[in-house]
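Q: Once you have looked at the hints, place chain U with the ligands on chain Z.
Sequence lines, in order, name chains Z and U.
According to this note's numbering, the first sequence is numbered sequentially starting from 1.
According to this note's numbering, the second sequence is numbered sequentially starting from 1.
It should be emphasised that the hints constitute simulated quantities derived from the structure, not laboratory data.
Values in this document were obtained by computation on a predicted structure and should not be read as measured data.
The beta-carbon is built from N, C-alpha and C at its ideal position, and this holds for glycine as well.
Wrong hints could be hidden among the right ones.
[As the list claims (entries may be wrong)] Derived pair list, reagent style DSSO-like, types lysine-lysine, alpha-carbon separation capped at 30 Å: (1) Z:K101 - Z:K269; (2) Z:K77 - Z:K101; (3) Z:K77 - Z:K62; (4) Z:K101 - U:K58; (5) Z:K331 - Z:K62; (6) Z:K164 - Z:K120; (7) U:K32 - Z:K164; (8) Z:K120 - U:K58; (9) Z:K77 - U:K32; (10) Z:K331 - Z:K184; (11) U:K58 - Z:K134.
[Stated by the list, open to error] Simulated restraints, written as ranges between beta carbons of each label pair: (12) Z:L67 - U:S3: 20 to 26 Å; (13) U:G15 - Z:S6: 55 to 61 Å; (14) U:G15 - Z:P5: 21 to 27 Å; (15) U:A13 - Z:V306: 33 to 39 Å; (16) U:K32 - Z:D142: 34 to 40 Å; (17) Z:K269 - U:G15: 53 to 59 Å; (18) U:K32 - Z:K101: 35 to 41 Å.
[As the list claims (entries may be wrong)] From the derived model, a few chain U residues whose C-beta atoms are all more than 12 Å from chain Z: (19) D6; (20) E29; (21) T42.
These are the residues of each chain, in order.
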Amino acid sequence: MSYAPSDPVLASVRRPVEHANGLPNAQYADPDVFAAEARAVLHTTWAGLAVQEDVAEIGDAKPIEFLGIPLLLVRDKNDTVRVFQNICRHRGMILIDAPRKIEGAIRCPYHSWCYSTSGKLVSTPHVGGPGNNKHEAIVNDDLGLIEVRSHVWRNVVFINLDGKAAPFEEENAALIVRWHEHDKPLHHGGPDSRFTLDVACNWKLAVENYAESYHLPWVHPSLNSYSRLEDHYNIEEPGAFSGQGTLVYRQLTGSNGATFPDFEGLSSKWDEGAEYICLYPNVLLAAQREHAYAIILEPVAHNRTVEHVHIYYSTSDTDDELRVSNTAQWKGIFEEDIDVVEGMQKGRSAPGFDGGRFSPAMDGPTHCFHDWVAAHLQNHEEK
Amino acid sequence: MTSLNDRLLNAYARGAHAELVSLYSEAAECTKDIDERCFFFTQAYVFALEQGHPDKEKLYQKLAQYDRI
Ligand code: FES
Ligand SMILES: [Fe+2]
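Pulled out of the complex, with its shape left as it was, chain Z reads as follows (with noise of 0.2 Å):
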């Protein structure tokens, strides 16, 4: 299913926040929209995929499956991480089937055709027949596996499946700019520091509780004793981000007072700020004076959704108790919303709902958001 441009059901998403409804039901909750979606809104854009340290070292091979698609996740021997689909160019077998180390070649199981870590096919046993190892017709250099476009930003690994979005730098311009004292090393948690949350609802109903504020106070009643809702202000970026900031961001401080490094060199602002922002479609990210995180949301059904959470710090030296707490207070508060992400999701089921109405005040990060979506439905042709 697609929208023409003139469909009053997207209209009346992209209609000013006051009047607007939310996107129907069936974006949520009917299989075939997903799928039709998913090439509107996660192939044409630049869609998180992965962290860069899921390939931390060099020759490190990771398949991903991401949409359906089998990709491969690959750290060459120039130390450079590139995505590929995970295909073998004779007969379309899977090549890696479980994360390892490339130690020269990927080998394919099937007829052993060999490529590169970047790409190139390097040998075609037997081609040409027993012992022969080429033929006239097999053109190494026009059968490498299939690149996919990819960036990485804040140590995610975004892909662009259709290869045709603006670069990286160019669509996400006013995070960059917006971030820019944060850029500075993120140093990963390591094993304690990641975790996945495996979700019943939609993907865009975990990006749509990110963005607003205006659930803090009763789904997380203890972020509220210290973070109140007037210490919060929207985020809007139209057609890129949004989300939500605080004035009063608190450190984690240990039982002796420690507290992690700050990232160097950040302005006065950020001593008690801190922001987290829904980078369109699927990347939600935090932006602290001593540590950051990173969510991937992996879209894996129309109502299933796996979060992968990561969490980064100013030096790879942090103190591992402060750590490991640290990843137990956000692993609580995120599975807090799991409830409510849940049960809008059931909601999406009644026939009556019409995309619900918005908090003026409160809810213009969320329908920032879905104006986004409504927009790339509105422009997708399917072919």
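A: Just chain U with the ligands now, with coordinates in the frame of chain Z:
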């Protein structure tokens, strides 16, 4: 001594691909038939490529010598 064939099967069973490089090279040296030699050199070469094995250049040269690569 176990036959070369047995040693090959054993290396496969253990996933010992680096050993396959030398075992297939050995197999190639055991025959005078050029097609057969090139078949075994190819097997050795592919596992050398996969493993980043130091013999890969040498094996490439063997195959190039017969214009098989
Ligand atoms: S399918 Fe990969 S070598 Fe044949
Ligand atoms: Fe929340």
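Q: Could you run down the list of hints and mark each one as holding or not?
A: These are the hints, each one checked on the structure:
Distance check on the hinted pair: Z:K101 and Z:K269 sit about 43 Å apart at the alpha-carbon level, beyond 30 Å; violated. A C-alpha spacing of about 11 Å is found between Z:K77 and Z:K101, which places the hinted pair at or below 30 Å, so the restraint holds. Note on Z:K77 and Z:K62: the hinted pairing holds, with a Cα-Cα distance of about 15 Å set against a maximum of 30 Å. Distance restraint check for Z:K101 and U:K58: the Cα-Cα separation of roughly 24 Å lies within the 30 Å cut-off, and the hinted pair is therefore satisfied.
Proximity of Z:K331 to Z:K62 is assessed by CA-CA distance (about 25 Å); at most 30 Å being required, the pair is judged to hold. Our distance criterion of 30 Å between C-alpha atoms is met by Z:K164 and Z:K120, whose separation comes to about 23 Å. A distance of roughly 55 Å separates the Cα atoms of U:K32 and Z:K164; the hinted pair therefore is violated under the 30 Å criterion. With a C-alpha separation of about 21 Å, the suggested pairing of Z:K120 with U:K58 holds against the 30 Å cut-off.
For the suggested pair Z:K77 and U:K32, the alpha carbons sit about 38 Å apart, so the restraint of at most 30 Å is broken. For the proposed pair Z:K331 and Z:K184, the alpha carbon gap of about 24 Å is at most 30 Å, so the pair holds. Using a Cα cut-off of 30 Å, the hinted pair U:K58 and Z:K134 holds, with the two alpha carbons roughly 18 Å apart. A hinted range of 20 to 26 Å for the beta carbons of Z:L67 and U:S3 is inconsistent with their spacing of about 50 Å.
Distance hint check for U:G15 and Z:S6: the Cβ-Cβ separation is about 60 Å, which falls inside the suggested range of 55 to 61 Å. Taken as a hint, the range 21 to 27 Å is violated for the pair U:G15 and Z:P5, whose Cβ atoms sit roughly 56 Å apart. Separated by about 36 Å at the C-beta atoms, U:A13 and Z:V306 satisfy the suggested range of 33 to 39 Å. For U:K32 and Z:D142, the hinted distance range of 34 to 40 Å is satisfied, since their beta carbons lie about 36 Å from each other.
Remark: the range hint 53 to 59 Å for Z:K269 to U:G15 is upheld by a beta-carbon distance near 56 Å. A hinted range of 35 to 41 Å holds for the C-beta pair U:K32 and Z:K101, which are about 39 Å apart. The beta carbon of U:D6 is kept farther than 12 Å from every beta carbon of chain Z, the shortest such distance being approximately 22 Å. At roughly 14 Å from the closest C-beta of chain Z, the C-beta of U:E29 stays outside 12 Å, upholding its exclusion from the interface.
For U:T42, the non-interface assignment is contradicted: its Cβ lies about 5 Å from the closest Cβ of chain Z, within the 12 Å cut-off.
The structure fails hints 1, 7, 9, 12, 14, 21 (numbered hints given earlier, in ascending order).
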